[in-house]
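J.: Spelled out, the chains give:
4 protein chains.
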Amino acid sequence: MNNEQIIQQMKERVFKANLQLPNEGLIKLTWGNVSEINRDLGIIVIKPSGVSYDTMQVKDMVVTDLQGNLLEPDSLRPSSDLPTHVVLYRDFPAIGAIVHTHSVHAVQWAQAKRAIPAYGTTHADTFYGNVPCTRDLTEEEITKRYEEATGEVIVETFREKALDPLACPAVLVSGHGPFTWGENVTKAVQNSVVLDEVAKMATVTEQLSPKVTRIDQFLLDKHYYRKHGENAYYGQN
Amino acid sequence: MNNEQIIQQMKERVFKANLQLPNEGLIKLTWGNVSEINRDLGIIVIKPSGVSYDTMQVKDMVVTDLQGNLLEPDSLRPSSDLPTHVVLYRDFPAIGAIVHTHSVHAVQWAQAKRAIPAYGTTHADTFYGNVPCTRDLTEEEITKRYEEATGEVIVETFREKALDPLACPAVLVSGHGPFTWGENVTKAVQNSVVLDEVAKMATVTEQLSPKVTRIDQFLLDKHYYRKHGENAYYGQN
Amino acid sequence: MNNEQIIQQMKERVFKANLQLPNEGLIKLTWGNVSEINRDLGIIVIKPSGVSYDTMQVKDMVVTDLQGNLLEPDSLRPSSDLPTHVVLYRDFPAIGAIVHTHSVHAVQWAQAKRAIPAYGTTHADTFYGNVPCTRDLTEEEITKRYEEATGEVIVETFREKALDPLACPAVLVSGHGPFTWGENVTKAVQNSVVLDEVAKMATVTEQLSPKVTRIDQFLLDKHYYRKHGENAYYGQN
Amino acid sequence: MNNEQIIQQMKERVFKANLQLPNEGLIKLTWGNVSEINRDLGIIVIKPSGVSYDTMQVKDMVVTDLQGNLLEPDSLRPSSDLPTHVVLYRDFPAIGAIVHTHSVHAVQWAQAKRAIPAYGTTHADTFYGNVPCTRDLTEEEITKRYEEATGEVIVETFREKALDPLACPAVLVSGHGPFTWGENVTKAVQNSVVLDEVAKMATVTEQLSPKVTRIDQFLLDKHYYRKHGENAYYGQN
Chain A
1 MNNEQIIQQM KERVFKANLQ LPNEGLIKLT WGNVSEINRD LGIIVIKPSG
51 VSYDTMQVKD MVVTDLQGNL LEPDSLRPSS DLPTHVVLYR DFPAIGAIVH
101 THSVHAVQWA QAKRAIPAYG TTHADTFYGN VPCTRDLTEE EITKRYEEAT
151 GEVIVETFRE KALDPLACPA VLVSGHGPFT WGENVTKAVQ NSVVLDEVAK
201 MATVTEQLSP KVTRIDQFLL DKHYYRKHGE NAYYGQN
Chain B
1 MNNEQIIQQM KERVFKANLQ LPNEGLIKLT WGNVSEINRD LGIIVIKPSG
51 VSYDTMQVKD MVVTDLQGNL LEPDSLRPSS DLPTHVVLYR DFPAIGAIVH
101 THSVHAVQWA QAKRAIPAYG TTHADTFYGN VPCTRDLTEE EITKRYEEAT
151 GEVIVETFRE KALDPLACPA VLVSGHGPFT WGENVTKAVQ NSVVLDEVAK
201 MATVTEQLSP KVTRIDQFLL DKHYYRKHGE NAYYGQN
Chain C
1 MNNEQIIQQM KERVFKANLQ LPNEGLIKLT WGNVSEINRD LGIIVIKPSG
51 VSYDTMQVKD MVVTDLQGNL LEPDSLRPSS DLPTHVVLYR DFPAIGAIVH
101 THSVHAVQWA QAKRAIPAYG TTHADTFYGN VPCTRDLTEE EITKRYEEAT
151 GEVIVETFRE KALDPLACPA VLVSGHGPFT WGENVTKAVQ NSVVLDEVAK
201 MATVTEQLSP KVTRIDQFLL DKHYYRKHGE NAYYGQN
Chain D
1 MNNEQIIQQM KERVFKANLQ LPNEGLIKLT WGNVSEINRD LGIIVIKPSG
51 VSYDTMQVKD MVVTDLQGNL LEPDSLRPSS DLPTHVVLYR DFPAIGAIVH
101 THSVHAVQWA QAKRAIPAYG TTHADTFYGN VPCTRDLTEE EITKRYEEAT
151 GEVIVETFRE KALDPLACPA VLVSGHGPFT WGENVTKAVQ NSVVLDEVAK
201 MATVTEQLSP KVTRIDQFLL DKHYYRKHGE NAYYGQN
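Protein chains in written order, with the UniProt record's numbering: chain A, 1 to 237; chain B, 1 to 237; chain C, 1 to 237; chain D, 1 to 237.
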């Protein structure tokens, strides 16, 4: 497969993944964006900015280098969140795709400026521990380099908490909303689906049992490692 | 394009926009109404009153002058909320379309008689600040000129708070529900979609963090001006 | 039109109305039932008991006299709630159709044993005042004549509160769920739709404003009489 | 019908029941699993592990003996929860099918580590009393024999509370989620639907009336025995 074919397939996957967001009920209007990276070719493919999902086509997907520079003539403008994706791809070398949504239940926690506690096995199956929430950005960060700083504060959060981005493939940006990622675009979208579901579960769990605590570490381990790592025994591989 | 063609197109847009309301889950039954104004021709096109969405046709849309007088023979009766639309068009000269719904989450805030605080960027992308709630109408206003007074109390709210109707294209009428508007009918409907979504987010944000405060002014500025005004850089234009 | 044709049309309307219940999201499985009365012919048509909505046919609708006695050979067994319908038709002479559902939000209030307060105009457009909740049934009422006693406690509630069944075409049976009715089957189903919607609104209204009170009487009057009675000016008639 | 045909029909029923779970909104992705037992033949048919519902086929269903040993060549790997099903079939001899989901509202109660109180007749129609929640598993149970211990703690819960598995065909596993069962696969899936619905109702019932208590025993009896046992009079049989 030549480079052109590889890029065409990336565009098709990114296009299809973007359409999944409204179909899964994760976004309204043109909110949300999905990108995929090919580290060998040094390119990122991302959704164009503000194009209606009704009229968007595969060829509208935007191709950039790893710094976010446009690589194709007559390219549409990329998602305004591209600089956030660029930073995450740079500092999280294991990830292959990124999804940003404004899914209702995850945003509720982001606006509350709280991490989502690991209250159950649904959470533990995908996220190895609480899903963290970043600190607020400063005025300078917001006014001078907003989207880049958004990526940086995510990286800072993972570094300070010593989190592995693939073990916890999601974050809440304070006052804003969720980013998720994964080894590939399918996983990254699934992680957005799971995140919103566990956010919805956690809210009412607290309402029903205000003193509830997160699940035991050994239950967290059990469920996470049933599905991930060398000794995984979930699925067909 | 002659006037007849212009009016026909307005009817088609207003008809289609009304059908969007149940399709987007914003209303039940025949609740809700959409209108569009053409200030050059001095006409308003609005949904007829109480006609089932299943049988409603383009030709049923009602054409009035800027005072709300019917302009076509054999016209159906216009939405009973027409006088509210007339007042808003008169006092908000920049708006081109109005939408009224009883969408669940916005109504919940209207019934609670509370403005929706700007708790996050989803809100800030569309509404530059809190979405205000009017005062209650007086008995005299309600009994003597209810629909007109509804428009006037909206205008009063925006004047007292020095709000720009296009910077905050939505209001909650106390004990009643939301009105949204926009430069055109597409935007006005989108604003109803966004309003209900941010209302739903805000409720649970408060539940999760009872002491949460609205987002910083500079984050509000950043998100609003990413999408609006001269320096906007969201979308393709 | 002869009696046979009238009954056939009743069966078609009742059949179609029953299918609306799951389509409107008001029920799961085979919960819920709809009936219609023809007082001239002295008959009631009601859904059969426990027949799956996937296989149910028009001819399965059950025809009874005004005491609930089966009138057709090879009739299926009627809804087990038929005796409740019989009592309501007997004591509420103005109603022409009855709907019983287990719609989630109305049931939440019924289980909380609380009337739904008239918190806004969405409520007032259909229900002239709070939607009442019955007292609990006694052990004797439940064990000896449960379904009949359910109808009687509804009638008792309306009599004690001096409510007009057409002005408040809904009730919550304590610990159980809602019944709605109307002049005809279309209205009765619509009233179930509205009831669940206003129940959902009211819950969060209280959450957002714990001290909120019901809307002013003059606003209640205004909205109710916009749509009902001699001076109504909503709709096309 | 020979054994091969019986097994083929079991596979078809189990396949179809698994697809119902996402269609009923009970699960996301590949969460959840359904199995059916034939005690005469000594076999269990269960969903394969982690196969996408989009590509899963009838022939992918996994056949095991009553200890969970694979019986067919080239079998896919069974659901990782198979050992839980094996224990439940062994200790609950009256049940014919089992369903496990991560349905949102039931999980909220499981994560809150609370039984779902019988707050109304919707609950009583299917569950004769509160739906119990197990104790937490110990570290040893989780690390050494997780799925088997999950089955055992369910059995322990029913034994300690002296519950009849067919009178209360559901349980919440603490910190995890619901299992339901029934005489056959249709009933078992329906019980998952009802469980999530009553979980959703119960949460808001408590919010609306924090001091609410479960319904009277005689109302519980009435509704349960309307549908179950010798004197049932709901449905056509």
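Treat the hints with caution; some may be incorrect.
All copies of an identical chain are treated as equivalent in the list; a pair is satisfied when it fits inside any one copy or across any two copies.
Stated by the list, open to error - Subject to a maximum C-alpha distance of 16 angstroms in a straight line, what follows is the list of computed EDC-like cross-link-like pairs (lysine to aspartate or glutamate):
id : residue 1 : residue 2
1  : K222      : E140
2  : K144      : E24
3  : K222      : D74
4  : K222      : E148
5  : K211      : E72
6  : K11       : D60
7  : K28       : D125
8  : K59       : E4
9  : K211      : E139
10 : K161      : D125
11 : K222      : E141
12 : K144      : D221
13 : K222      : D125
14 : K144      : E206
15 : K211      : E24
16 : K161      : E148
17 : K222      : E139
18 : K161      : E24
19 : K28       : E139
Calculated from the structure, these hints are not laboratory results.
J.: The structure should be examined with respect to each hint, and the outcome stated for every one.
T.: Status of each hint after checking the structure:
1. K222 with E140: Only across copies: K222 and E140 sit 11 angstroms apart there, 43 angstroms inside one copy, limit 16 angstroms.
2. K144 with E24: neither (34 angstroms within a copy, 37 angstroms between copies)
3. K222 with D74: Close neither inside one copy (50 angstroms) nor across copies (28 angstroms); limit 16 angstroms.
4. K222 with E148: Answer is between: at 13 angstroms across copies they meet the 16 angstroms cutoff, but 36 angstroms inside does not.
5. K211 with E72: This pair counts as neither: shortest intra-copy Cα distance 55 angstroms, inter-copy 48 angstroms.
6. K11 with D60: Only inside one copy: K11 and D60 sit 8 angstroms apart there, 32 angstroms across copies, limit 16 angstroms.
7. K28 with D125: Classified as between: cross-chain Cα gap 13 angstroms, same-chain 27 angstroms, threshold 16 angstroms.
8. K59 with E4: Answer is within: at 12 angstroms inside a copy they meet the 16 angstroms cutoff, but 39 angstroms across does not.
9. K211 with E139: Neither. Shortest intra-copy (35 angstroms) and inter-copy (22 angstroms) distances fail the 16 angstroms Cα cut-off.
10. K161 with D125: Neither. Shortest intra-copy (20 angstroms) and inter-copy (30 angstroms) distances fail the 16 angstroms Cα cut-off.
11. K222 with E141: between (40 angstroms within a copy, 11 angstroms between copies)
12. K144 with D221: between (41 angstroms within a copy, 12 angstroms between copies)
13. K222 with D125: The answer is within: 9 angstroms in one copy meets 16 angstroms, while 36 angstroms across copies does not.
14. K144 with E206: Result: close neither inside a copy nor across copies, 38 angstroms intra and 30 angstroms inter.
15. K211 with E24: The answer is neither: 32 angstroms in one copy and 32 angstroms across copies each exceed 16 angstroms.
16. K161 with E148: For K161 and E148, the Cα distance exceeds 16 angstroms both inside one copy (20 angstroms) and across copies (34 angstroms).
17. K222 with E139: Between copies, since 10 angstroms is at most 16 angstroms while 42 angstroms is not.
18. K161 with E24: neither (31 angstroms within a copy, 39 angstroms between copies)
19. K28 with E139: neither (28 angstroms within a copy, 39 angstroms between copies)
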